[in-house]
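Participant: What follows is the residue order along each chain.
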Amino acid sequence: MMGSENQEGGEARLQASREEMESLVLDGDDGRDHIGNSITSQSYANYRSAMTTLSSSFAASHHPLSFPTPADSDPLLSPPSPQPPLLKSPNSPKPRTTATDDPRHLDPPSYADVVSSPLDDSIEANGGSESPSQHSENSASSFSRSPFSSSDYLEIVVSNPQKEAESSKNSIVPGNNAYVTYLITTKTNISDYGGSQFSVRRRFRDVVTLSDRLSEAYRGFVIPPRPEKSVVESQVMQKQEFVEQRRVALQKYLRRLAAHPVIKKSDELRVFLQVQGRLPLPTSVDVASRMLDGAGKLPKQLFGDSRSVMGPQDVVQPAKGGRDLLRLFKELKQSVANDWGASRPPAEEEDQEFLDRKQWLHDLEQHLTNASKQAEALVKAQQGLADTMGELGLAFIKLTKFENEEAVLNTQRVRAADMKSLATTAVRVSRYHRGLNAQTVKHLDTLHEYLVLMLAVHNAFSDRSSALLTVQTLLSELSSLHSRAEKLETASSKIFGGDKSRIRKTEELKDTIRVTEDAKGCAIREYERIKENNRCEIERLDRERRTDFVNMLKGFVTNQCFNLIGDHTQPKTMAWLT
Amino acid sequence: MIPTQLQRSGSGSTQSPRSPSSQEPFLSVSVIDPAKMGNGVQAYISYKVITKTNLPDYQGPEKIVIRRYSDFVWLRDRLFEKYKGIFIPPLPEKSTVEKFRFTAEFIEMRRQALDIFVNRIASHHILQQSEDLRIFLQADEQTMERARSQEIGIFKKKPADLMQIFKDVQSKVSDVVLGKEKPVEESTPEYEKLKRYIFELEDHLAEAQKHAYRLVKRHRELGQSLSEFGKAVKLLGTCEDNALGKVFSEVGDKAEIVSVKMQREAHHLLMNFEESLKDYVRAVQSIKATIAERANAFKQQCELAETIKFKEIDLNKLRLTRSEKLADAEREYDVLKADGEEATRRFEAIVQLMNEEIVRFQEQKTLDMGLAFHEFAKGQAHLANGIAEAWRSLLPKLEACASS
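For the protein sequence lines, the chains are A and B, in the order given.
Under full-length UniProt numbering, think of the first position of the first sequence as 1, with each following residue one higher.
Under full-length UniProt numbering, think of the first position of the second sequence as 1, with each following residue one higher.
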């Protein structure tokens with residue numbers, strides 16, 4: 001664990017002092033210190049003799065400071081209070097075998113989880129083999145509310161980023177457009193997949209495609225948002241750190257998708273995870289091309305040559321992602337009318353419960369943001385304390401060595417022994433607390449996860465709003481079509497025998513109205529469908545949120561209860577004073 | 001008077017505060033009651049110095065005087081001048097930053113350090129007999145002020161001078177480069193070792209003290225962020241229904257309680273651990289000053305020896321030429337000889353004293369550090385247990401919530 005800690009982008013000095021701490025010979029360890037070098041019997045003997053000297057000097061001396069503290073006020077002399085059994089087996093996911101067997105592991109057996117630096121996620125990306133840090137990623141992103149007790153599971157690992165060059169047959173620009181692919185390994189027992197383990201290579205563009213298709217197919221659902229695209233040059237793209245960050249982000253994203261009860265069974269995800277070679281999903285066309293296409297059709301639409309109406313098959317998609325500029329304009333006009341118009345929109349969001357819920361979610365988001373920020377600060381402060389404690393220990397180790405080397409009087413050696421006890425204790429405390437802090441990070445990560453979810457909830461709600469807008473637009477359109485039809489009727493009724501052109505127009509208008517009515521029906525059905533999706537998802541989230549938050553608090557508080565002195569699995573560190 | 005402070009200051013063979021009327025002579029001092037005097041730029045802090053004693057020269061059994069920091073500085077300077085070879089107990093530093101001069105924490109730290117300072121002097125078998133100490137402890141305020149303003153500038157060693165001497169002690173090369181003659185320095189192996197030890201010790205201690213101070217700060221920072229986190233958790237709980245919301249609220253409250261514990265430990269660390277280390281550093285710096293004095297004395301002795309040699313040569317020349325200047329020269333020579341013996345005596349006294357002082361110093365420091373480490377461990381254990389207990393009380397409720 002210490003080795004991987006060294007790779008974080010911390011101060012070099014801190015790294016150096018961490019390395020120093022690794023090579024410390026810690027006395028009285030009973031061999032528990034996996035990291036430390038062999039405990040020489042010589043130093044242990046020194047420790048022992050210093051102990052007896054110290055205790056006898058305290059007993060025998062008439063030094064005024066014979067500690068008058070009664071036993072109950074000195075916590076070191078009183079026996080530690082009985083520990084609740086909870087502390088011995090903290091609530092955590094089942095231990096994985098590789099974690100405890102890993103020789104890099106330092107921690108006491110009271111931690112079933114891997115204890116590693118929070119930045120460890122960035123380390124082990126070699127060859128897709130699961131390493132301790134990826135175990136930590138496992139426990140981080142999957143909430144412990146139902147680890148693997150549910151019958152179906154979907155385990156995903158993203159690893160092994162590789163540079164590949166795009167064969168530029170089509171491109172005019174010469175040279176290689178290099179991009180990165182990632183190895184995505186899946187283990188599952190879901191029947192649809194028809195297999196239990198498989199791997200594919202995907203690039204980030206594929207992930208964008210997956211995300212877009214999911215958004216279209218699952219309107220109204222709270223879909224975890226994908227990692228962001230970066231508008232960066234290829235130089236940065238190839239930097240190790242960036243690639244590693246992206247790998248971690250991708251893994252998190254895919255795992256969140258796999259945790260969603262509906263999406264994990266989706267075709268889109270399955271195809272993404274399973275199908276070798278090119279991703280068989282329709283790619284998203286970029287905005288510019290869509291606009292160009294749309295602009296091409298627009299004149300025809302305006303002059304009525306082709307169908308200017310929205311057909312039922314169109315209304316199930318939102319206007320934004322499509323090429324129908326006219327529809328975009330109509331809906332935009334409608335939304336402006338909604339906001340600024342004198343009259344109320346044709347159909348309104350009436351569901352008061354929904355509106356209340358929206359407000360509540362807004363508050364939740366605010367508080368989550370705040371709590372998440374404070375959690376970061378807290379973790380940083382805990383880390384700072386642990387680090388400084390370690391540095392203090394190191395400084396005293398150096399002092400001890402110095403006094404021992406330069407000792408002329410025996411009292412110096414006694415002092416050196418004292419210092420050494422303090423120093424080793426300080427270093428031990430430092431390590432212990434750094435381990436505890438890593439756990440705190442994991443527990444409080446729930447806050448960050450839910451912040452991300454809030455974003456997804458916004459998307460789900462805006463699906464609903466845009467569906468409603470489509471309905472409203474159609475309703476407005478219908479009412480204006482009807483009034484046009486009426487006008488034509490009255491106009492043509494004034495002419496005896498009818499007006500051929502007007503009659504033709506009326507017929508056309510009636511057709512248009514029919515199609516638009518169908519579209520309206522579809523749009524309303526779609527809107528209701530999305531509303532229902534919203535409702536189910538919010539309910540699900542509510543349940544999950546309560547469980548997750550309780551577990552977060554429980555985990556956090558349990559962790560804070562851990563106490564080096566009270567932890568019986570730790571060697572007696574303060575014994576030198578009793 | 002705080003018993004621990006008194007006990008920390010040293011072996012008090014003359015301290016038996018029980019019976020003022022007993023035969024055994026004793027002298028105990030306490031520095032208390034800091035009070036702000038004056039206004040604006042000229043404001044300063046005054047302290048009450050209470051002396052309890054049965055010594056004949058002192059106005060017993062108890063005398064109270066008012067003193068300020070510069071009075072203590074006067075005492076230290078006088079003792080340094082008079083008692084060369086003895087490690088004069090160190091004073092807390094002047095405050096460089098105006099902002100902190102009057103913070104409660106700074107004043108308390110200074111008061112504590114001043115108390116220790118005076119007590120160390122009072123319990124040193126040689127220093128306690130000093131006339132200057134008696135003046136400091138007994139004289140009325142005007143006398144004290146007169147004495148203080150007289151001495152400024154005369155005995156004050158400028159830091160620059162001291163630094164120069166240290167540099168000479170450390171690098172002989174500079175002398176050669178500057179074209180001086182062979183360096184006049186003691187160079188017995190033991191003394192060299194001692195000097196090296198003292199200089200390196202200061203570096204090590206300064207580093208430890210730096211980390212100790214940082215540790216205090218970290219405790220404060222953690223306390224602060226725990227408090228903020230607690231508030232944020234409480235706010236988050238307002239989004240939840242009754243049962244869960246209450247749990248959030250309680251977690252938030254607990255975080256606040258733990259935050260307070262953190263702050264308390266930060267203060268405890270500062271006063272009992274970090275100050276001890278600072279005090280250790282100051283003591284080592286005082287030793288360096290004594291080393292400089294010893295170097296001075298040695299130089300004087302050597303220079304006088306040289307001058308005497310040359311005078312002898314001159315004398316012999318004059319004897320041969322039967323000059324009338326002979327009588328004068330002989331008289332001068334005698335004076336020089338006496339001076340030389342005096343210089344040698346002074347130097348040897350310093351050496352002797354230093355040898356005793358070193359032993360005393362080492363033993364004292366082992367005791368002081370032992371206490372400081374004990375305080376450290378005690379404080380940290382107390383904090384850790386307190387924190388664990390506080391959070392533990394929440395667990396049953398959380399457990400109930402989780403299973404419901």
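Keep in mind that a hint or two might mislead.
Not the full set, but computed from the structure, chain B residues with beta-carbon under 10 Å of chain A [unchecked claim]:
id : residue
1  : Leu236
2  : Lys337
3  : Glu341
4  : Glu357
5  : Val359
6  : Phe373
List time: in silico DSS-like cross-link candidates among lysine-lysine, alpha-carbon distance up to 25 Å [what the hints assert, rightly or not]:
id : chain 1 : residue 1 : chain 2 : residue 2
7  : A       : Lys398    : B       : Lys193
8  : B       : Lys309    : B       : Lys337
9  : B       : Lys210    : A       : Lys380
10 : B       : Lys63     : B       : Lys36
11 : A       : Lys373    : B       : Lys231
12 : B       : Lys63     : A       : Lys380
13 : B       : Lys217    : A       : Lys380
14 : A       : Lys264    : A       : Lys163
15 : A       : Lys380    : A       : Lys252
16 : A       : Lys373    : B       : Lys261
17 : B       : Lys193    : A       : Lys380
18 : A       : Lys398    : B       : Lys210
19 : B       : Lys94     : A       : Lys380
20 : B       : Lys217    : B       : Lys94
21 : B       : Lys36     : A       : Lys358
22 : B       : Lys246    : B       : Lys261
Pairwise CB distance ranges (calculated) [unchecked claim]:
id : chain 1 : residue 1 : chain 2 : residue 2 : range
23 : B       : Glu108    : A       : Asp542    : 49 to 57 Å
24 : B       : Ser403    : A       : Asn189    : 26 to 34 Å
25 : A       : Glu164    : B       : Ser403    : 48 to 56 Å
26 : B       : Arg196    : A       : Ala178    : 30 to 38 Å
27 : B       : Gln224    : A       : Asp356    : 48 to 56 Å
28 : B       : Arg264    : A       : Ser199    : 37 to 45 Å
It should be emphasised that the hints constitute simulated quantities derived from the structure, not laboratory data.
Glycine included, C-beta positions come from ideal geometry on N, C-alpha and C.
Participant: Holds or violated: B/Lys63 and A/Lys380, Cα atoms, limit 25 Å.
Facilitator: It is violated: about 53 Å lies between the C-alpha atoms, which goes past 25 Å.
Participant: Return holds or violated for the Cβ distance of B/Glu108 and A/Asp542 against the range 49 to 57 Å.
Facilitator: Since B/Glu108 and A/Asp542 have Cβ atoms about 53 Å apart, the given range 49 to 57 Å holds.
Participant: Take the C-alpha atoms of B/Lys36 and A/Lys358, compute the straight-line distance between them, and say whether it is at most 25 Å.
Facilitator: Judged against 25 Å, a Cα distance of about 59 Å means the pair is violated.
Participant: For the hint 37 to 45 Å, verify it against the beta carbon of B/Arg264 and that of A/Ser199.
Facilitator: Because 56 Å falls outside the window, the suggested range is violated.
Participant: Could you check the hint for me, namely that A/Glu164 and B/Ser403 are 48 to 56 Å apart, CB to CB?
Facilitator: Check passed, 51 Å falls within 48 to 56 Å.
Participant: For a C-alpha distance cap of 25 Å, please report whether A/Lys398 and B/Lys193 respect it.
Facilitator: Given pair A/Lys398, B/Lys193 holds - Cα atoms ~18 Å apart, limit 25 Å.
Participant: Are the Cα positions of B/Lys246 and B/Lys261 separated by 25 Å at most?
Facilitator: holds, 23 Å
Participant: Quick check on B/Phe373 please, does its C-beta sit within 10 Å of some C-beta on chain A?
Facilitator: OK, holds: B/Phe373 within 10 Å of chain A, min 5 Å.
Participant: Is it true that the CA of B/Lys309 sits at most 25 Å from the CA of B/Lys337?
Facilitator: holds, 10 Å
Participant: Would the pair A/Lys380 and A/Lys252 pass a check requiring their Cα atoms to be no farther apart than 25 Å?
Facilitator: With Cα atoms ~23 Å apart, A/Lys380 and A/Lys252 stay inside 25 Å; holds.
Participant: Could you grab the alpha-carbon distance between B/Lys63 and B/Lys36 and see if it respects the 25 Å cut-off?
Facilitator: holds, 21 Å
Participant: Closer than 10 Å between Cβ atoms is the bar; does B/Lys337 clear it against chain A? Give me holds or violated.
Facilitator: violated, 37 Å
Checked against the numbered hints above, the structure violates hints 2, 3, 4, 12, 14, 17, 19, 21, 26, 27 and 28; every other hint is satisfied.
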